[in-house]
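Novice: Let chain A serve as the given structure and place chains B and C on it in line with the hints.
Chain by chain, the residues run as shown.
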Amino acid sequence: MKELSELNFREGLRYTDDHEWVSESGATLKIGVSDYAQDQMGDIVYVELPEVGATFEKGEEFGTLESVKAVSELYMPIGGEIVAVNEDLADAPELINEDSYTHWIIEIKPADMDELEDLHSVASYRDLLKG
Amino acid sequence: MRYLPHTDEEIRAMLDVIGRKSLEELFCSVPDHCRYEGTMDLPEPLNEWSLTDHFSELAEAMKVTHKNKVLIGAGSYHHNIPVTLGTLMARSEFLTAYTPYQPEMAQGTLQGIYEYQTLTARLLGMDVANASMYDGASALAEALLMGLRIGKKKTKVAVSAAIHPHYREVVRTYLQPTDHEVIELPVGKDGRTDVSGLAGIEGVAAVAVQSPNFFGVIEDLTTLGRVIHEAGALFITSFTEPLAYGLCKNPGECGADIVCGEGQSFGLARSFGGAALGMFACRDQFTRNMPGRLVGETTDIEGKRGFVLTLSTREQHIRREKATSNICSNQGICTLTAAMYMASLGGSGLRELARANYDRAEYFKSQLIRKGARIVFDSPTFNEFVVEFGTDFEPIYKKLLARKIVAGLELGRFYPELAGKYLFCVTETVAREVIDAVVAEVKP
Amino acid sequence: MTKTPGISGLIFEEPLLWEKGQKGRHGMSIPASDVPPAEFPAELQGAGPEFPDLSEIDVVRHYTRLSQWNYGVDSGMYPLGSCTMKYNPKINEKLAATPELAAAHPMLVDDEVQGNLQIMYELQQYLAAITGLPGVSLQPAAGAHGELTGMLVFAAYHRSRNSRRTKILIPDTAHGTNPASAALCGYKPVPIKSGANGILKVQSIAEAMDEECAGIMITNPNTLGLFETNIREIADIVHAKGGLVYGDGANMNAIMGVINAARCGIDVMHLNLHKTFSTPHGGGGPGAGPICVTAELEKFLPVPSAIKDGDIYRLNFNRPESVGRVHAFHGNFSVLIRAYCYIRTMGAENLKKASQLAVLNAAYIKEQLKGTLQLAYNRPCMHECVFSDALQAEDKITTLDIAKRLIDYGYHPPTIYFPLVVHGALMIEPTETECKDDIDQFIATMKLVVQEAKEHPELLRQAPVKAKLRRLDETQAARKPCLCG
Numbered sequence: 000m001k002e003l004s005e006l007n008f009r010e011g012l013r014y015t016d017d018h019e020w021v022s023e024s025g026a027t028l029k030i031g032v033s034d035y036a037q038d039q040m041g042d043i044v045y046v047e048l049p050e051v052g053a054t055f056e057k058g059e060e061f062g063t064l065e066s067v068k069a070v071s072e073l074y075m076p077i078g079g080e081i082v083a084v085n086e087d088l089a090d091a092p093e094l095i096n097e098d099s100y101t102h103w104i105i106e107i108k109p110a111d112m113d114e115l116e117d118l119h120s121v122a123s124y125r126d127l128l129k130g
Numbered sequence: 000m001r002y003l004p005h006t007d008e009e010i011r012a013m014l015d016v017i018g019r020k021s022l023e024e025l026f027c028s029v030p031d032h033c034r035y036e037g038t039m040d041l042p043e044p045l046n047e048w049s050l051t052d053h054f055s056e057l058a059e060a061m062k063v064t065h066k067n068k069v070l071i072g073a074g075s076y077h078h079n080i081p082v083t084l085g086t087l088m089a090r091s092e093f094l095t096a097y098t099p100y101q102p103e104m105a106q107g108t109l110q111g112i113y114e115y116q117t118l119t120a121r122l123l124g125m126d127v128a129n130a131s132m133y134d135g136a137s138a139l140a141e142a143l144l145m146g147l148r149i150g151k152k153k154t155k156v157a158v159s160a161a162i163h164p165h166y167r168e169v170v171r172t173y174l175q176p177t178d179h180e181v182i183e184l185p186v187g188k189d190g191r192t193d194v195s196g197l198a199g200i201e202g203v204a205a206v207a208v209q210s211p212n213f214f215g216v217i218e219d220l221t222t223l224g225r226v227i228h229e230a231g232a233l234f235i236t237s238f239t240e241p242l243a244y245g246l247c248k249n250p251g252e253c254g255a256d257i258v259c260g261e262g263q264s265f266g267l268a269r270s271f272g273g274a275a276l277g278m279f280a281c282r283d284q285f286t287r288n289m290p291g292r293l294v295g296e297t298t299d300i301e302g303k304r305g306f307v308l309t310l311s312t313r314e315q316h317i318r319r320e321k322a323t324s325n326i327c328s329n330q331g332i333c334t335l336t337a338a339m340y341m342a343s344l345g346g347s348g349l350r351e352l353a354r355a356n357y358d359r360a361e362y363f364k365s366q367l368i369r370k371g372a373r374i375v376f377d378s379p380t381f382n383e384f385v386v387e388f389g390t391d392f393e394p395i396y397k398k399l400l401a402r403k404i405v406a407g408l409e410l411g412r413f414y415p416e417l418a419g420k421y422l423f424c425v426t427e428t429v430a431r432e433v434i435d436a437v438v439a440e441v442k443p
Numbered sequence: 000m001t002k003t004p005g006i007s008g009l010i011f012e013e014p015l016l017w018e019k020g021q022k023g024r025h026g027m028s029i030p031a032s033d034v035p036p037a038e039f040p041a042e043l044q045g046a047g048p049e050f051p052d053l054s055e056i057d058v059v060r061h062y063t064r065l066s067q068w069n070y071g072v073d074s075g076m077y078p079l080g081s082c083t084m085k086y087n088p089k090i091n092e093k094l095a096a097t098p099e100l101a102a103a104h105p106m107l108v109d110d111e112v113q114g115n116l117q118i119m120y121e122l123q124q125y126l127a128a129i130t131g132l133p134g135v136s137l138q139p140a141a142g143a144h145g146e147l148t149g150m151l152v153f154a155a156y157h158r159s160r161n162s163r164r165t166k167i168l169i170p171d172t173a174h175g176t177n178p179a180s181a182a183l184c185g186y187k188p189v190p191i192k193s194g195a196n197g198i199l200k201v202q203s204i205a206e207a208m209d210e211e212c213a214g215i216m217i218t219n220p221n222t223l224g225l226f227e228t229n230i231r232e233i234a235d236i237v238h239a240k241g242g243l244v245y246g247d248g249a250n251m252n253a254i255m256g257v258i259n260a261a262r263c264g265i266d267v268m269h270l271n272l273h274k275t276f277s278t279p280h281g282g283g284g285p286g287a288g289p290i291c292v293t294a295e296l297e298k299f300l301p302v303p304s305a306i307k308d309g310d311i312y313r314l315n316f317n318r319p320e321s322v323g324r325v326h327a328f329h330g331n332f333s334v335l336i337r338a339y340c341y342i343r344t345m346g347a348e349n350l351k352k353a354s355q356l357a358v359l360n361a362a363y364i365k366e367q368l369k370g371t372l373q374l375a376y377n378r379p380c381m382h383e384c385v386f387s388d389a390l391q392a393e394d395k396i397t398t399l400d401i402a403k404r405l406i407d408y409g410y411h412p413p414t415i416y417f418p419l420v421v422h423g424a425l426m427i428e429p430t431e432t433e434c435k436d437d438i439d440q441f442i443a444t445m446k447l448v449v450q451e452a453k454e455h456p457e458l459l460r461q462a463p464v465k466a467k468l469r470r471l472d473e474t475q476a477a478r479k480p481c482l483c484g
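Residue numbers (numbering that gives the first Met the number 0), protein chains in the order written: chain A, 0 to 130; chain B, 0 to 443; chain C, 0 to 484.
Same shape as in the complex, but just chain A (with noise of 0.2 angstroms):
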């Protein structure tokens, strides 16, 4: 597994305590999951991806991302409606182990474009893995 110094971290984004970021493109939301994620994984084997048109809550689960030997889920980090996922991730789920800020997950509707506010900066969340 990697060192804090080896992980990669993408400016402009915003991180969530449970390991997604989120990037903002106009109306909508595209969210994926950090470098510290995927390298915890170790390889992706399967995405369990929502369907499209679903809402739901903050810190909701929204899918899951599975290894050979573990499942993590994956939530909400701001209330919405899926508009789309990442139809790739269904063939290749190593795309995330690839460059997990690249290939998203999910894109987003907002409910509250406020709540952006509440999530990390590049430099907080390094702060939280520091631990």
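In case anyone wonders, no lab produced these hints; they're calculated from the structure. Think of the CB as a built atom: it goes at the ideal place given N, C-alpha and C, for glycine as much as any other residue.
Which chain C residues stay away from chain B? Per the calculated CB distances, all over 10 angstroms, these:
(1) Ile6
(2) Ser162
(3) Lys192
(4) Gly194
(5) Gln202
(6) Ser203
(7) Asp209
(8) Glu210
(9) Glu297
(10) Ile306
(11) Lys307
(12) Pro319
(13) Leu374
(14) Asp394
(15) Val420
(16) Glu451
Once the Cα atoms are required to be at most 27 angstroms apart in a straight line, the calculated DSS-like pairs of lysine-lysine come out as:
(17) C/Lys435 <-> B/Lys20
(18) A/Lys57 <-> A/Lys129
(19) C/Lys166 <-> B/Lys321
(20) C/Lys307 <-> B/Lys62
(21) C/Lys479 <-> A/Lys68
(22) C/Lys187 <-> B/Lys155
(23) C/Lys465 <-> C/Lys446
(24) C/Lys93 <-> B/Lys66
Specialist: Chains B and C only, in chain A's frame:
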């Protein structure tokens, strides 16, 4: 005691290393109030030969044995079992191995299960079969729970009244503690399930039908499947006699989504109902909702083909309370035995044997009709059927029992409306003379 | 030089069944028909499955070769923690196949099957004597099935008292089956942390137990191989709040004749006949998981059970408050016969001795290997001991590497990465049927492997090299599942 290898000297030497004075002292962490007082009330030990004698007595206490002709199926069938199966399955590398958690030293079990999964999927016309469940009844209960998982917000399931009565009892047991409703679908005069009532019911996640059903009747699965799918439910089919698929259309061809049933027919002794073999298969898109173990193909680091347990994230040891089932075993020995049986019969043999069973039952039916008995359901049957006699059959049953023939199963205790009617089964093990002997006793 | 039994034996290649054979071969004789052919309705007829056609020797060689790729208790030591891989006596196999008993149809009337009913009745009595719990159901087909049946009994009990309970306490050391079984009955598991010494604290239970909890599920000895010393106090707390105590009997092999489950305050307990009572594991099953309950709960057990009525044995269906059936017939009857044989062969004293020796063997290994491997908890162990790979971390050698290297030396590895509360766990359960010489050899081998970890770590990372296959790619198997050929 021959299973306990320690000599007194060895015990002393080992206790010395541990720093204990006696075997009792090893249990120093056990409080007094938890201890067993006195000695367990069990019979005195028997040596190998006295135990064998005791078993001879138990065997003698059996009024009906392998020397009888038992014309009962009803979920447990007597077929010829090639001696190779017992010989091969007695190989202790199979018998005394654990679940194949270390695949490098369990390729025998793993390839064996993979082959079983494949043959089972082909038999049932499904994409994927698991490594097996406890028995046909629990497999059906698990299939319905799986249907409810897939059906998400739907809370009802429906089962045909022509499904084995014990299976329906197990379904009720499994579904009782949760708030799911089990609807029972009636049987028509032709002995087939009547699904016409389904259209008016909302929220049915899955509908289960058995074919051949408890009465031996081959259901019109294609039509049932269409109606069930139109009602928006998953189509589950169950079975107790997989040999039928040597001749009948397989459930997959008829549109089934999940297929489950009992595999005892394939090389396993009746053995008072167990060890049994729950066969379980489904379509590709439902694989991740499946209960039970799965073996998959992969390669080792040198690129050689091998097999491993896979998709384990569905299972209890990883997902705990969110697992697809609590099951953490399969019927290993039974699984391999059934695969050996399917391999020994082959495609050609399976068809031939299924034919032999069908022909025999048809001959039996025709002879009974000739003597004035009535075949209660006029739909096609496989190797079982229900008969109504013109007179009380009980005295004839007793007379035949004295001649070592168990003449069918009286149905009153399962279906009060069928009291006095008998369910008969004949397989390839029942010679024409036996059938003729039964027919000869029937009074017009 | 440490002697080990490891060797690469005669290993043959063998294709998959359908990669061999020729259409028209027969592996089994089918009696010629002595009845006229009948017409089968065309609309119901299928093509029949695509099975390969093989001859008898094709089948025999196939499975003989497959068996040679396997390792069983008869091959060598199988110190798989929590699995009790003891010797499976041969006489049990022979007697379970007694034709008069094995041919019995499960729906024959009682009068016709007295021998089988006697076995069931007596086995119920024996298991009651062993646990101290008088009500027994033999139907559950495996340990997890027993747990489910036990949870159904919990639910039926609470329902009978008009008490609606939604949660259940489960310690963090529990097998995953416990929460999964409870969830099937609609109970939400509440995890309980074990104390710093590896056992449950009375205080934790007192804090978590309330009147919405159906009870607790406890494995004792727990999966760390430690006796839950506070079990009685815990049971008292649970009972005081109207709850029940479930005892997971997976580790019964440590305590036969030593501990009385009823006196510990346990209300329902399953036994794994394939562990404690020597029936073979069969590469995954069939097992048997009978449950034993207090007199108060007997009325909720599945139907039917065997009873004795004068000199006659009967099946009793008269249990109106029963949870119902959990199996189509009487459970895995052929497994029940084997366990019956084992108990009749052993008797009370030898069963107790078996438990004592199982604990002796584990305690001896613990003593000899502590320092070589990191001991998880330094307390008196029962029938198994748990180590970890903490001491090997500096060599970047993991539990998995140690396990795989043991394969090269002719041992089945211990249970690895369980219990979850110990990072990199190695859980060793030798059982009583291993003699001192063999245990000494295993200890020496383990020390050798640990020495190699320091001096030649690559040997461990590359292992196994002597098995039929090298390490298998489980990631590929899960990413692109190929479950059917």
